[in-house]
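Asker: Read off the chains here:
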Amino acid sequence: MELLIVEDERSLAEDIKAYLEVPGTRCAIAGNVREAMDHIVDKPFDCVILDLGLPDGNGLEVLRELKRMGRTDGVVIVSAKDAMDDRIEGLRIGADDYIVKPIHLAELAVRVQATVRRAHFGGQDRLQFDELVIDLPGHTAEVNGATVPLTPTEFRLLRLLTASRDRVLPRHVIAEHLSDDPEDDRVQELVYAHMKNLKRKLAEAGCSDRIHTIHGVGYRFSA
Amino acid sequence: MKLFQRTRRPIWTYATVVMLLSIPAYYLIMRNVWLADIDQDLEVVKQKVERGIHAQHLSGTALSDAIDHINAIDAGVQLSMLPADSTRTDRFHTLVKFDALHGHDEPFRIYESTVRLNGVPYAITVSRVVEETEELVTSIALVALVSLVLLFGGMLVLDRVYAGRIWAPFQHLLARLKRFQVDGTAHFQAAKTGVTEFDELERELEQLTRRNMAIYAEQRRFTENAAHELRTPIALLQGKVERLFQSEGLTRPQAELLEEANSGIRRMRLTLDGLLTLTYVDNAPLHADAVCDPEAIIRALLDQAKERISDLGIALELHVAPDVRWPMEPAMAEILLGNLVSKAVRHNVRNGTMCIDLSAEKFSFSNTGADKALDTERLFKRFSAPAKGLGLGLAIAQRVCERQGWQLRYSFLGGMHAFEARIPNAA
Numbered sequence: 196m197e198l199l200i201v202e203d204e205r206s207l208a209e210d211i212k213a214y215l216e217v218p219g220t221r222c223a224i225a226g227n228v229r230e231a232m233d234h235i236v237d238k239p240f241d242c243v244i245l246d247l248g249l250p251d252g253n254g255l256e257v258l259r260e261l262k263r264m265g266r267t268d269g270v271v272i273v274s275a276k277d278a279m280d281d282r283i284e285g286l287r288i289g290a291d292d293y294i295v296k297p298i299h300l301a302e303l304a305v306r307v308q309a310t311v312r313r314a315h316f317g318g319q320d321r322l323q324f325d326e327l328v329i330d331l332p333g334h335t336a337e338v339n340g341a342t343v344p345l346t347p348t349e350f351r352l353l354r355l356l357t358a359s360r361d362r363v364l365p366r367h368v369i370a371e372h373l374s375d376d377p378e379d380d381r382v383q384e385l386v387y388a389h390m391k392n393l394k395r396k397l398a399e400a401g402c403s404d405r406i407h408t409i410h411g412v413g414y415r416f417s418a
Numbered sequence: 414m415k416l417f418q419r420t421r422r423p424i425w426t427y428a429t430v431v432m433l434l435s436i437p438a439y440y441l442i443m444r445n446v447w448l449a450d451i452d453q454d455l456e457v458v459k460q461k462v463e464r465g466i467h468a469q470h471l472s473g474t475a476l477s478d479a480i481d482h483i484n485a486i487d488a489g490v491q492l493s494m495l496p497a498d499s500t501r502t503d504r505f506h507t508l509v510k511f512d513a514l515h516g517h518d519e520p521f522r523i524y525e526s527t528v529r530l531n532g533v534p535y536a537i538t539v540s541r542v543v544e545e546t547e548e549l550v551t552s553i554a555l556v557a558l559v560s561l562v563l564l565f566g567g568m569l570v571l572d573r574v575y576a577g578r579i580w581a582p583f584q585h586l587l588a589r590l591k592r593f594q595v596d597g598t599a600h601f602q603a604a605k606t607g608v609t610e611f612d613e614l615e616r617e618l619e620q621l622t623r624r625n626m627a628i629y630a631e632q633r634r635f636t637e638n639a640a641h642e643l644r645t646p647i648a649l650l651q652g653k654v655e656r657l658f659q660s661e662g663l664t665r666p667q668a669e670l671l672e673e674a675n676s677g678i679r680r681m682r683l684t685l686d687g688l689l690t691l692t693y694v695d696n697a698p699l700h701a702d703a704v705c706d707p708e709a710i711i712r713a714l715l716d717q718a719k720e721r722i723s724d725l726g727i728a729l730e731l732h733v734a735p736d737v738r739w740p741m742e743p744a745m746a747e748i749l750l751g752n753l754v755s756k757a758v759r760h761n762v763r764n765g766t767m768c769i770d771l772s773a774e775k776f777s778f779s780n781t782g783a784d785k786a787l788d789t790e791r792l793f794k795r796f797s798a799p800a801k802g803l804g805l806g807l808a809i810a811q812r813v814c815e816r817q818g819w820q821l822r823y824s825f826l827g828g829m830h831a832f833e834a835r836i837p838n839a840a
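From first to last, the protein sequence lines are chains G and D.
Per this note's numbering, the very first residue in the first sequence carries number 196; after that it's consecutive.
Per this note's numbering, the very first residue in the second sequence carries number 414; after that it's consecutive.
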């Protein structure tokens, strides 16, 4: 998978690159509009992670250029501006997603994965980990061909884990992903209950033990 | 009440009073003038009779015969002898009596007085039919009435027609002002009306709206820049913490330090979001014709929160009146209802209840929670919330209500914490 990170804060770009660059994924970095244009002319990307406030212009220029070229690269805007107009304008021009900084890297990984897979696999999008098959648009999971009865929350949890597979997911990141109210502290407690149920259901269906608890930190999904 | 009606009402009340008073006044004055004229005539007749008889130098019997003749002719003069040295007081009066000439009762004007003939006092009564006079006076009053009605009627029609024309520039201005959006791109353009006052108003409004647009744009730029300048370093901090979480051989104490660092970053982020929302709520332009569908908004919000509500075992009761519309910006309604929903869940207890009531006249959110009332002194103040949350949610909700002209009230009754407001401008 080829990703382009357009971000003028070099240090932040490096963090994103370090998190998203797993075996099979390569990330290029562009620090301004000009560099980004060079990259997109050079080759297509599965997804462009696009900052809007760049030193030599607005990131939307890159998006417009992609659309002008008739390209289908996925675009996730990650902006420090949360003005409604920017959001509407970005999505109108054809961005797949719009996220306001700061964002958890695991959250970005889910959004990028969703954007890439929607663009490439359309309605037939399935992630496979040996016996475990996840039907992303259908919101279902199967183990050895049998559907695992997951609640919506458990499915979202599984999706977050697989998007950050082989990486550590801190508990608070999971809590914020699952909750609609980031100020409710009890969600951290609920994460434990949901995770326990998910692990139990997968185990009962005959799935190998892929979700590991890292004590004091969080969880990790092994591909 | 419209301004036209307000200015028209006293004028028309005055005009009507004058008209109603002037018709009888007209009649009475005309009648009195006529009667005075007749009375003068009757006096002249009396003098002529007196002088005429004197001029004849009649003897006692001849005078008596002459008086009998005059009385017999019955031409409006009657004489009768009075006792010596007595007189009758002069008086004029009107009397209805039989008139032989016309053969029926007629009003007569009568003058009673005294004349001295050959040194003897005689009572003289001069009378005249006044029917024609009455008819004349009535006709004159009628003409006056018709002219007054025509005058006022004409004024009424002209007033109706001209009021519309005179106020047309004002209506035009009002329509444009309602369409004006401080966050839009179109300026308010002063129009030429040809009326000095309206032209002045147009010019002033153009300047005022231009200033407002400039202030709003500046404020917005400032908020955006501030947000950008704060979000970027928070994003940097968060990125580092998250990368550290991925380090090989992370020990438990190190992980705990990272959790604490993360918790600080999270608080900073939420505070920033809260302050930006508050800034938005403080400055968002409100359009006069804004309308929102609170039911759609509350259902979407509850849908987002449904898993947390069911995880916590909270029983939800939602009552929404049919087809409720609020005169409110949809974005503001989302902020208000979103904060109240969050609060009702966040401060609720496991297996508690929350009730939401929405109608065109009021809304109320109530939930189970802590077993004592909240401190109403500090409740709506910024950053003064109890342990949970940042304490900006209610300040934001209250500010939205304030801008709508509603009053958000808190009560604690029967173990339920309730927030409610009346919507006074409900259609």
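These are calculated hints, taken from the structure and not from any lab test.
A few of these clues could be false.
To be verified - List time: in silico DSS-like cross-link candidates among lysine-lysine, alpha-carbon distance up to 30 Å:
{"id": "1", "chain 1": "D", "residue 1": "Lys591", "chain 2": "D", "residue 2": "Lys605"}
{"id": "2", "chain 1": "D", "residue 1": "Lys775", "chain 2": "D", "residue 2": "Lys415"}
{"id": "3", "chain 1": "D", "residue 1": "Lys653", "chain 2": "G", "residue 2": "Lys212"}
{"id": "4", "chain 1": "D", "residue 1": "Lys775", "chain 2": "D", "residue 2": "Lys719"}
{"id": "5", "chain 1": "D", "residue 1": "Lys719", "chain 2": "G", "residue 2": "Lys391"}
{"id": "6", "chain 1": "D", "residue 1": "Lys775", "chain 2": "D", "residue 2": "Lys591"}
{"id": "7", "chain 1": "D", "residue 1": "Lys653", "chain 2": "G", "residue 2": "Lys391"}
{"id": "8", "chain 1": "G", "residue 1": "Lys396", "chain 2": "D", "residue 2": "Lys415"}
{"id": "9", "chain 1": "D", "residue 1": "Lys775", "chain 2": "D", "residue 2": "Lys785"}
{"id": "10", "chain 1": "D", "residue 1": "Lys775", "chain 2": "D", "residue 2": "Lys794"}
{"id": "11", "chain 1": "D", "residue 1": "Lys605", "chain 2": "D", "residue 2": "Lys415"}
{"id": "12", "chain 1": "G", "residue 1": "Lys212", "chain 2": "G", "residue 2": "Lys238"}
{"id": "13", "chain 1": "D", "residue 1": "Lys459", "chain 2": "D", "residue 2": "Lys510"}
{"id": "14", "chain 1": "D", "residue 1": "Lys719", "chain 2": "G", "residue 2": "Lys394"}
{"id": "15", "chain 1": "G", "residue 1": "Lys262", "chain 2": "G", "residue 2": "Lys238"}
Asker: It remains to establish, for every hint, whether it holds in the given structure.
Answerer: Hint check:
1. D:Lys591 / D:Lys605: Answer holds: Lys591 of chain D to Lys605 of chain D is near 18 Å, not above 30 Å.
2. D:Lys775 / D:Lys415: holds (29 Å)
3. D:Lys653 / G:Lys212: At roughly 12 Å apart (the allowed maximum being 30 Å), Lys212 of chain G and Lys653 of chain D satisfy the hint.
4. D:Lys775 / D:Lys719: holds (24 Å)
5. D:Lys719 / G:Lys391: holds (20 Å)
6. D:Lys775 / D:Lys591: With Cα atoms ~26 Å apart, Lys775 of chain D and Lys591 of chain D stay inside 30 Å; holds.
7. D:Lys653 / G:Lys391: Given that 30 Å is the threshold and the Cα spacing comes to 29 Å, the pair holds.
8. G:Lys396 / D:Lys415: violated (71 Å)
9. D:Lys775 / D:Lys785: holds (25 Å)
10. D:Lys775 / D:Lys794: Holds, because 23 Å separates the two Cα atoms, which is no more than 30 Å.
11. D:Lys605 / D:Lys415: holds (24 Å)
12. G:Lys212 / G:Lys238: This hinted pair holds, its Cα atoms lying about 18 Å apart.
13. D:Lys459 / D:Lys510: holds (21 Å)
14. D:Lys719 / G:Lys394: Cα-Cα ~22 Å, so holds.
15. G:Lys262 / G:Lys238: holds (14 Å)
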